[in-house]
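Asks: Following the hints, position chain B against chain A.
Each chain, written out:
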Amino acid sequence: MTTEHQTLALILFSLFIAVTLGITTWVSRNRHGSAEEFYVGGRLFSPMENGFAIAGDYMSAASFLGISGLIALFGYDGLLYSVGFLVAWLVVLFLVAELVRNCGRFTLADVVAARMSERPVRIAAGASSVTVSVLYLVAQMVGAGSLVGLLLGDSGTAARTLTVIGVGALMVVYVSFGGMRATTWIQIVKAVLLMGGAVTLTVLVLLRFHGDFGQLLTSAAERSGHGPRFLSPGLKYGADWTSRFDFMSLGLALVLGTAGLPHILSRFYTVPTARAARRSVVWAIALIGGFYLMTIVLGFGAAALVGPDEVRASNASGNTAVPLLAAFLGGGAESTGGAVLFAVVAAIAFATILAVVAGITLASSASVAHDLYASLKRRHARQRSEVAVARVAAVGIGAVAIALGLLAQDLNVAFLVGLAFAVAASANLPVLLYSLFWRAFTTRGAVWSVYGGLVPAVVLVLLSPVVSGSPDSLFPGVSFQFFPLQNPGLVSIPLGFLAGWMGTVTSAEDPDEAKYAETEVRSLTGAGAV
Amino acid sequence: MDKHEGPDAGTIRLDDPWYDALAVGWGEGEGGDPPPPRQAAGGRAAPGASDIYLEVQRSAAFQEVRSRYRGFVVPATAGFLLWYVAYVVAATMAPGVMARPVFGAVNVALLAGLGQFLSTFLLTWAYARHARLRRDRAALDLRWTVFEQERDQERNRNQSRGSGR
Chain A
1 MTTEHQTLAL ILFSLFIAVT LGITTWVSRN RHGSAEEFYV GGRLFSPMEN
51 GFAIAGDYMS AASFLGISGL IALFGYDGLL YSVGFLVAWL VVLFLVAELV
101 RNCGRFTLAD VVAARMSERP VRIAAGASSV TVSVLYLVAQ MVGAGSLVGL
151 LLGDSGTAAR TLTVIGVGAL MVVYVSFGGM RATTWIQIVK AVLLMGGAVT
201 LTVLVLLRFH GDFGQLLTSA AERSGHGPRF LSPGLKYGAD WTSRFDFMSL
251 GLALVLGTAG LPHILSRFYT VPTARAARRS VVWAIALIGG FYLMTIVLGF
301 GAAALVGPDE VRASNASGNT AVPLLAAFLG GGAESTGGAV LFAVVAAIAF
351 ATILAVVAGI TLASSASVAH DLYASLKRRH ARQRSEVAVA RVAAVGIGAV
401 AIALGLLAQD LNVAFLVGLA FAVAASANLP VLLYSLFWRA FTTRGAVWSV
451 YGGLVPAVVL VLLSPVVSGS PDSLFPGVSF QFFPLQNPGL VSIPLGFLAG
501 WMGTVTSAED PDEAKYAETE VRSLTGAGAV
Chain B
1 MDKHEGPDAG TIRLDDPWYD ALAVGWGEGE GGDPPPPRQA AGGRAAPGAS
51 DIYLEVQRSA AFQEVRSRYR GFVVPATAGF LLWYVAYVVA ATMAPGVMAR
101 PVFGAVNVAL LAGLGQFLST FLLTWAYARH ARLRRDRAAL DLRWTVFEQE
151 RDQERNRNQS RGSGR
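Residue numbers (the UniProt record's numbering), protein chains in the order written: chain A, 1 to 530; chain B, 1 to 165.
A portion of the hints provided could be inaccurate.
Pairwise CB distance ranges (calculated) [what the hints assert, rightly or not]:
(1) A/Glu310 / B/Arg137: 54 to 60 Å
(2) B/Leu118 / A/Met502: 24 to 30 Å
(3) A/Ala316 / B/Arg137: 38 to 44 Å
(4) A/Glu513 / B/Leu82: 30 to 36 Å
(5) B/Arg70 / A/Pro471: 47 to 53 Å
(6) A/Asp309 / B/Arg137: 58 to 64 Å
(7) A/Pro471 / B/Arg129: 31 to 37 Å
(8) A/Phe480 / B/Gly115: 49 to 55 Å
(9) B/Arg129 / A/Thr157: 50 to 56 Å
(10) A/Gly331 / B/Leu122: 39 to 45 Å
(11) A/Ser46 / B/Arg151: 25 to 31 Å
(12) B/Arg70 / A/Pro120: 28 to 34 Å
(13) B/Gly104 / A/Arg29: 54 to 60 Å
Here are some, though not all, of the chain B residues that point toward chain A, as calculated from beta-carbon distances under 7 Å [unchecked claim]:
(14) Leu54
(15) Phe80
(16) Leu111
(17) Gly113
(18) Gly115
(19) Thr120
(20) Ala139
(21) Arg143
Chain A stretches covered by chain B per the calculated footprint, using a threshold of three residues with CB under 8 Å from any CB of chain B [as the list claims (entries may be wrong)]:
(22) 234-244
(23) 338-348
Treat the hints as calculated values from the structure; they're not laboratory data.
All values derive from a computational prediction rather than experimental measurement.
Cβ atoms here follow ideal geometry from the backbone N, Cα and C, with glycine treated the same way.
Chain A with its partners taken away, still in its complex shape:
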């Protein structure tokens, strides 16, 4: 990349940072400092605003850069990811969004704790929420590092370290000063930028092919060197049985994990009613679906116009396909148009990472302060001090994420995201669904289902080829690999559901009929909702 590229991209980065810091200052000018204000922005966002913010929270750099890169390299197999990411929203819309809005206040644990013995349930749900958030955060930090590494070329090791630290520091500032209000507006700005960038590039790609999608596919297949196989599944995940099962595991984790992501759940509390929560999910599905449809065009466009060889030469996992495509569409890497488009796309990707990181940090600081701290401390603290704890927690989580982000710099971003989804689907979704729909569910069942999903998911990853036993793993020198799949979902998600059932049928405690009645009535009618 040339110096002008870098300068322009850095100017746009700085502009985005300045604007978002301005937003943070602006929205926090009349802050009341209440928990209601900090965690959920006073619950006063409109469905459209929240829909954009959900889309901005959900579409991470892994989607924007990762999926289109996978399509550019492996053709159809990249598309499998985007289908999973989208279909997951039906689980959220049908089973989770409205009911969670009606039953909870700030976190996932609120919904479960309403029916159960509060302390153990809160500790379990809080611990798993923080685990999921930290995994997801690390993925975003690694993404930010590789994006900057790409921009600055090979000289970037120090720059990558600085970026990871800088991104972490920025998000701590956003979250601890601006709370949910600043986070939401950053996500809205980011969603608009991302959609705008994607629409522009899609239109430019389609113009190249005179609006003929079939011709785009044909030229992509030709240029890839795989011919028609490029347009059908099997290039990436069809090699052997392990990779097939690996993909099924990932697919299951993607479709069930979204509904258990703490930063997605906390977004439903930012609107006044369950009806508004439903309408915001409808907005989000329209935006996310439209976006993933565009990534298909961008991915095949990159394959047809830039070519898989050049994409692979720039970044082995394809993360740079869209920036390269942008440079090409602008008239080539050496032209002004190319440099401008490249810088814009890079800045949008950076904005994407910052917005997602802010959302996750806020949600996990809520889990720490509202669930873990509130359950583990002895005396009653007032609300004001809970927000203070949440601010400190944001700093602590930022520090942990920075440290792990530096450690995991060479891991694949899409893989890390898949892992976070797998843990969310194994530990958070079973307990949430059981609490909402199963009359006989008990405290022991709730605790078992959280740990019964969380522990296997984490242990299986530690025993997987990702950590040891293969040349690409985190510790290539040693081998304690016993589990063949990279993604634990296929095993750990059923285990989470099973553990919840086992805990319930073996517990001595009778389920509390009255509390279940309260949960059921509240979840479907909104009675007593805050």
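Replies: Chain B only, in chain A's frame:
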């Protein structure tokens, strides 16, 4: 519906109307936990909050809302999960079938993938419409029912406390 504003409540109100009006809201001495449901003068237990929810849960109106919700959500969820799993399994296990060309460069796999997008959009629309037309009104009515019962209960509690002075 429970008629818990029975004759007891009426007689209590006659006892001390003025004190009652002042005591509404921030009841003295009830720190964090709500007081347990107390025995009204007539010997019948005044309903606590949980009784209200149990009663609403048993009411025909609520069961109607719940069955409408489940009547849509259960088959729709089963349907889209099956369709998605079938898609993933077909893509990984039967790439030959998925590669069969349909027209031009478009093959079965692409149609299935776009079909997933289409079915997601359609189900979203159908769910939102179903909820708006068949569930929202009834759910809001129930919300009011619970709210009013809780308010009445609160009033009774304050009254019986007032009469105890």
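Asks: Which of the stated hints cannot be reconciled with the structure, identified by number in ascending sequence?
Replies: 2, 3, 7, 8, 16, 18 and 23
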